[in-house]
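Participant: Sequence:
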Amino acid sequence: MQGDSPTDEGSSRQYTDRPVRSRLNNRRRFLQGVGVTGAVGLAGCVGSLPGFGDDDEPEAGEEDLEGGVEVDEGDADVILRLDSLLTGGDGDPFEAMVEDFNAQSDNVAVEVTRVPWDEYYDQLFTAMTADEAPDIGFSHSSQIVPFLDNLTPLDDYVDYDPYVDQIVDSVEYEGQHYGAPLDTHMAAAYYNKEIYEEAGLDPEDPPSNWEEFAEANDAIVDAGYYAFDYGTGMHICRSWGGWLRSRGHEVIEGEEGNWEPNFNNEDGVAVTEPLREAVERDWTPTEDDNSWPSFVEGDFGAVVDGTWAWSRFREGGGEELDFDWGTYDLSLAPGKEEDWTMCDSHNLIVPQSDHSEEELEGIGEFFEYMTQERAVDWSAEAGHLAATTEALGSDELREREAWDYSLHTFQDIADNEELYYWPATQNTDEYSEAIYQSLEAVRYGQQDAQEALDEAEQRCRDIFS
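The sequence shown begins at 917 in the numbering used here and counts up by one.
Keep in mind the hints are simulated off the structure, nothing from the lab. Watch out, some of these pointers could steer you wrong.
Using C-beta positions, here's what the derived DEER-type ranges look like [what the hints assert, rightly or not]: (1) E1189 - D1311: 41 to 47 Å; (2) E1048 - E1274: 18 to 24 Å; (3) T1042 - A1139: 50 to 56 Å; (4) E1367 - D1065: 36 to 42 Å.
The beta-carbon is built from N, C-alpha and C at its ideal position, and this holds for glycine as well.
Given the sequences, and given the hints that come with them, work out the whole structure.
Facilitator: Here you go:
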């Protein structure tokens, strides 16, 4: 997934009274009201993609919709249509891999159409209702649950042995796999090594626990810079969700139809209070409007961003950084018991349709090529972490440019089995928004941690009821 800085609406807005989105409910009602053959299949995820939401994606002016892959009639016996939401820095490497697949395949070709990120899921839904869904789509692991009945199980067409267990488990339900994982993507602290050195810190030894994190941030503030920004929207949950898990709590617990909020407790308060503390200690500005631009300009200590930032920050990227920079793991929760980092995955999926066996076999060939054979290239160029054990252990990956900047950090997280997938439910969009709006209220000083968690818990209970 490509990413960008959060685009929130500013601290002056009272988030706690905003209604939760209802689009997902509308689409769910549609699915409940029609059969598979009538609906074809609901491919992909809906709304803000909790785990890595719409504030991860490029703003409209930064999207490149001129890409895609064209296929002519007669190029192959089987032509498959794929609508892509990869319109930022990772769109080009994905499509280059598709073109390579087409060149080497004997009888299968895949055409790719780029769709604006903020229109992708609505357009896919509309296509589904008109029996015009693409052959192949994307779904994030956090969003796949509402659509399982309308996706094609892939176990007969894809070999799942090569994938990392934690990653592939995120698309397995009742013994069947409904997606082929292209990657896992998570967030880290992207930091300016030159500012760290100016502040008297060792730029090659970033913080690894809360005490070191606080000391480093204080030193950066003393040097005249803002030190760190958690972001807003789902950005803020990238730290908070992993921190809560690091203190022994899932965000929610239970099962579909019986979910319970699990964050309104002593540990939840302990990982929520730092959101306001960061502002009060001048680590973080009250609003985050200028944090990411300031970081790109070299005037900000560190920001939270995802794997996809590599394609922007690298040499030749859209926001190439002209200072020495690196990444460190966000598993810094005060009082943590374990290390956990919140993550999600891009998965290639197949909406149910009247595909022939030849087409399904071609889809399986394409999925294995993209997610297994080219896993190292995808990691090295797009910045996301490969989903296969072979790629993650390869010398080739360690020799690529992205390794020293960011991939080594994400690799360590995967090696230590620290991947925490944001819980996937029928209401992922809605309960996630209820949580992050309350966390924003703490950052902005509108509520204290306990008040915010009380409200978030009640909203989540209303959503799950």
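Participant: I want to verify a distance hint. Is the separation of the beta carbons of E1048 and E1274 within 18 to 24 Å?
Facilitator: holds, 21 Å
Participant: The hint says 41 to 47 Å between E1189 and D1311; measuring C-beta to C-beta, is that right?
Facilitator: Holds, at about 44 Å.
Participant: Starting from the hint 36 to 42 Å, judge whether the C-beta atoms of E1367 and D1065 obey it.
Facilitator: holds, 39 Å
Participant: How does the Cβ-Cβ distance of T1042 and A1139 compare with 50 to 56 Å: does it lie in that range?
Facilitator: holds, 52 Å
In summary, the structure agrees with every hint in the numbered list given earlier.
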